[in-house]
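Based on the provided sequences and hints, a complete structural model is requested.
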Amino acid sequence: GGLGRGLLALLSRDRVDEDTWEEVEDLLITADVGVGPTQELVERLRTRLRVEGGQSASVPEVLREELITLVDPTADRRLGVRGSDGRPGVVLVVGVNGTGKTTTVGKLGRILVAEDRTVLMGAADTFRAAATEQLTTWGERVGVPVVAGPEGGDPASVAFEAVSRGVAEGADVVLVDTAGRLQNKSNLMEELGKVKRVVEKQAPVTEVLLVLDATTGQNGLTQARVFGEVVDVTGIVLTKLDGSAKGGIVVAVQRELGVPVKLVGLGEGPDDLAPFDPEAFVDALLGAG
Amino acid sequence: MFATLSDRLADTFKNLRGKGRLSEADIDATAREIRIALLEADVALPVVKEFVAAVKERARGEDVSQALNPAQQIVKIVDEELVAILGGETRRLRFAKTPPTVIMLAGLQGAGKTTLAAKLALWLKGEGHSPMLVAADLQRPNAVNQLQVNGERAGVTVWAPEPGNAQGVEHGGDPVAVARGGVEEAKRTLHDVVIVDTAGRLGIDAELMQQAADIRDAVQPDEVLFVVDAMIGQDAVTTAQAFLDGVGYDGVVLTKLDGDARGGAALSIRSMTGKPVMFASNGEQLTDFDVFHPDRMASRILDMGDVMTLIEQA
Ligand SMILES: Nc1nc2c(ncn2[C@@H]2O[C@H](COP(=O)(O)OP(=O)(O)OP(=O)(O)O)[C@@H](O)[C@H]2O)c(=O)[nH]1
Ligand SMILES: Nc1nc2c(ncn2[C@@H]2O[C@H](COP(=O)(O)OP(=O)(O)OP(=O)(O)O)[C@@H](O)[C@H]2O)c(=O)[nH]1
Ligand SMILES: [Mg+2]
Ligand SMILES: [Mg+2]
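Chains A and B, in that order, are what the protein sequence lines are. According to the numbering used here, the residues represented by the first sequence are 1 to 289, in order. According to the numbering used here, the residues represented by the second sequence are 290 to 603, in order.
No lab work stands behind these hints: they were computed from the structure. Hints should not be assumed to be uniformly reliable.
[Said to hold, decoys possible] A few chain B residues facing chain A, derived, Cβ under 10 Å:
1. LEU328
2. VAL341
3. ALA342
4. ASN434
5. GLN435
6. GLN437
7. ARG442
8. GLY444
9. GLU451
10. THR478
11. LEU479
12. LYS545
13. ASP547
14. GLY548
15. ARG551
16. ASP579
[What the hints assert, rightly or not] Derived CB-CB ranges, DEER-like:
17. A:ARG197 / B:GLY444: 34 to 40 Å
18. B:ASP577 / A:LYS194: 56 to 62 Å
19. A:GLU40 / B:GLY415: 29 to 35 Å
20. B:ARG349 / A:ARG197: 58 to 64 Å
21. A:SER157 / B:PRO452: 25 to 31 Å
22. A:PRO270 / B:ALA502: 54 to 60 Å
23. B:PRO452 / A:ALA75: 40 to 46 Å
24. A:ARG46 / B:GLU416: 56 to 62 Å
[As the list claims (entries may be wrong)] What the simulated footprint calls covered on chain B by chain A, stretch by stretch (three residues with Cβ under 8 Å from a Cβ of chain A suffice, anywhere in the stretch; the number is not a length):
25. 423-431
26. 502-514
Glycine included, every Cβ here is placed at the ideal spot set by N, Cα and C.
This is the structure we're talking about:
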């Protein structure tokens, strides 16, 4: 961003004056943290420094601490990939258009295969041009079979078919890719709700991953809220964090909805998926990572 | 949750109404609300600062209007400034004197380039042109198939000599050669417009940015369009600048405007780069496409429709 010199440099000045506080605010805002959360954070910081006075740690340390607290290092970020009663774990991957859902399904397949689990993928995006082919290529790439249906077919039936095959074959995990949809399209959101309900006739959905693009601004919070209402999101995947965007919107998402970021996408290759690391995320956000 | 600008200004208006003249405090209070509203609409911070400063400056200098109260006057200034920056008028596509006209698309991963390529083709076909699509994204799995399917839906020819990353083929072919070949093929088969779809790339990916520049050099486009998602946040300016430096472009296309993002990037990119937003992509159907309307965008960014209604009620 434009404030590349980073917060550490900024705050190691002797005195923290009004201009400096404004620069701190600016830094957080340019990372997409949002006006409300930024103001709250800065207010809390100022109070803490007033109360603790000379006793407190240095300002940059306090800010880093507060931010890390916000993204909550104690949150449980394990993926729900274990089914019960001999049924497979079912992971439903959802989000708005073009965030990286299909790619994430492919990468997740790779990780699970490396852990010696038997995996199936369901191509429940029957809508977008060549979405099934894209997932099929990913399946070949990472060595996972893909259950697909006809183009333009019912996504819920494809998802159902994939999970029932997973049950029949005794697979460990079924990953279900879904079509991108904007959260303000109520018919498409309803369709997504149906996909989940229909799947659960076969096996409980053990993880619902909302894929958020790190370049997303304040709309990311609305996305998380609406998808959360419709399919009860259990984890966030923050993609494209290998770019220049910081993904600061997840601070508000986690604070408001309590849904933890579980994974981050760091590229277009099969191995470019990593566990979310709160400290590394905060350091990058502050331009110090 | 978030009060809209109208809600916020309604409060400010209560105090401002009927005073007849703008005090510095009135201007400051209104400017603060406008600043927050712009940031919540994802307008980039440096642009917000510049914009708010300009509005304040004008508010101070403006003669007190007889017809409007001070608050109305400020809102009018905000609206005028927004529309002025966003373009004032719509820019049209430039066609080559000697066909084919070459249009190249570039942008971040998932922005909506491939979909837009087909939308543009369908639209141009409707305008009496004979467009051809060129599948020069050989990187994203099945990007070529995606363009072929969309091209078929649009009823236009697709030049796709390489399968790209499909069926386990990694990096199948040279996108620069495909793009060059596409233009030659269009000349041979008398297509008068060529639309080159390219792979998504990050602003900070020097290697892929160079590839985009190589494609540009190979096809000598009449228009390079930067395709950007309306949901993008503060990173819009960094990325827009990186593409401007890396490949260069003549116009901007804003996509996914059928969502509920406020689309502040339109203002950010326009005021940072000076490049006009030319088209709006607003849905997944190939007909969900429109020329860009600066006035609509201004009212979307600031909820200005509501504010105007408020003024009328004041
Ligand atoms: N740089 C980068 N690119 C990514 C990442 N994840 C996905 N992509 C790219 O983003 C683009 C969109 O990815 P997809 O997986 O097709 O996204 P999607 O959410 O399935 O898209 P729809 O199904 O069309 O809604 C592709 O070009 C991917 O290669 C990431 O972590 N980093
Ligand atoms: N709702 C909506 N979806 C759109 C719009 N434009 C594109 N999309 C969707 O966004 C997703 C990504 O679009 P693509 O055209 O594949 O984007 P791209 O820029 O070519 O992506 P890469 O080639 O992977 O970089 C797809 O699901 C499209 O259907 C739009 O205006 N509105
Ligand atoms: Mg997909
Ligand atoms: Mg594409």
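Hint by hint, here is what the structure shows:
Satisfaction of the interface hint for LEU328 of chain B is found here, the shortest Cβ-Cβ separation to chain A being roughly 5 Å, below the 10 Å cut-off. For VAL341 of chain B, the interface hint is violated, the least distance from its beta-carbon to any beta-carbon of chain A being 13 Å, above 10 Å. Of the supplied interface hints, the one on ALA342 of chain B is violated, with its beta-carbon coming no nearer than about 14 Å to a beta-carbon of chain A, more than 10 Å. Evaluation of the ASN434 of chain B hint against chain A yields a held restraint, the C-beta minimum of about 4 Å falling below 10 Å.
Contact between GLN435 of chain B and chain A, as hinted, is supported at the beta carbon level, the nearest pair being about 4 Å apart and thus within 10 Å. Hint on GLN437 of chain B holds. Least Cβ distance to chain A is approximately 8 Å, under the 10 Å limit. Annotation: ARG442 of chain B was flagged as interfacial toward chain A, and the flag holds, the nearest CB pair being 7 Å apart, inside 10 Å. Hint status for GLY444 of chain B relative to chain A: violated, with the closest Cβ pair at about 14 Å, above 10 Å.
Using the Cβ-Cβ criterion of 10 Å, the hint placing GLU451 of chain B at the interface with chain A is not satisfied: the shortest such distance is roughly 15 Å. Using the Cβ-Cβ criterion of 10 Å, the hint placing THR478 of chain B at the interface with chain A is not satisfied: the shortest such distance is roughly 24 Å. Restraint check, LEU479 of chain B versus chain A: the minimum CB separation of about 27 Å is more than 10 Å; hint violated. Of the supplied interface hints, the one on LYS545 of chain B holds, with its beta-carbon coming within about 6 Å of a beta-carbon of chain A, less than 10 Å.
Here the hint on ASP547 of chain B is kept, as its CB sits about 6 Å from the closest CB of chain A, short of 10 Å. Given hint, GLY548 of chain B at the interface with chain A, holds; its Cβ is 4 Å from that chain's nearest Cβ, closer than 10 Å. Among the interface hints, the one on ARG551 of chain B holds; its C-beta lies about 8 Å from the nearest C-beta in chain A, closer than the 10 Å criterion. Taken as an interface hint, ASP579 of chain B does not check out: its beta carbon lies about 17 Å from the nearest beta carbon of chain A, beyond 10 Å.
Distance hint check for ARG197 of chain A and GLY444 of chain B: the Cβ-Cβ separation is about 38 Å, which falls inside the suggested range of 34 to 40 Å. A beta carbon spacing of about 24 Å between ASP577 of chain B and LYS194 of chain A contradicts the range 56 to 62 Å that was offered as a hint. Distance hint for GLU40 of chain A and GLY415 of chain B: a CB-CB separation of about 51 Å, inconsistent with the stated range 29 to 35 Å. The hinted range of 58 to 64 Å is satisfied by ARG349 of chain B and ARG197 of chain A, whose Cβ atoms lie roughly 59 Å apart.
Checked against the given bound of 25 to 31 Å, the beta carbons of SER157 of chain A and PRO452 of chain B, roughly 29 Å apart, stay inside it. Restraint check, PRO270 of chain A to ALA502 of chain B: a C-beta distance of roughly 28 Å breaks the suggested window 54 to 60 Å. With their beta carbons about 43 Å apart, PRO452 of chain B and ALA75 of chain A fall inside the hinted range of 40 to 46 Å. The beta-carbon spacing between ARG46 of chain A and GLU416 of chain B, approximately 59 Å, falls within the hinted interval of 56 to 62 Å.
Only residues whose C-beta sits within less than 8 Å of a C-beta in chain A count toward coverage, and the segment 423-431 of chain B has 4 of them, enough to reach three; the restraint holds. Beta-carbon proximity to chain A at under 8 Å applies to 0 residues in the segment 502-514 of chain B; the threshold of 3 is not reached and the given coverage is violated.
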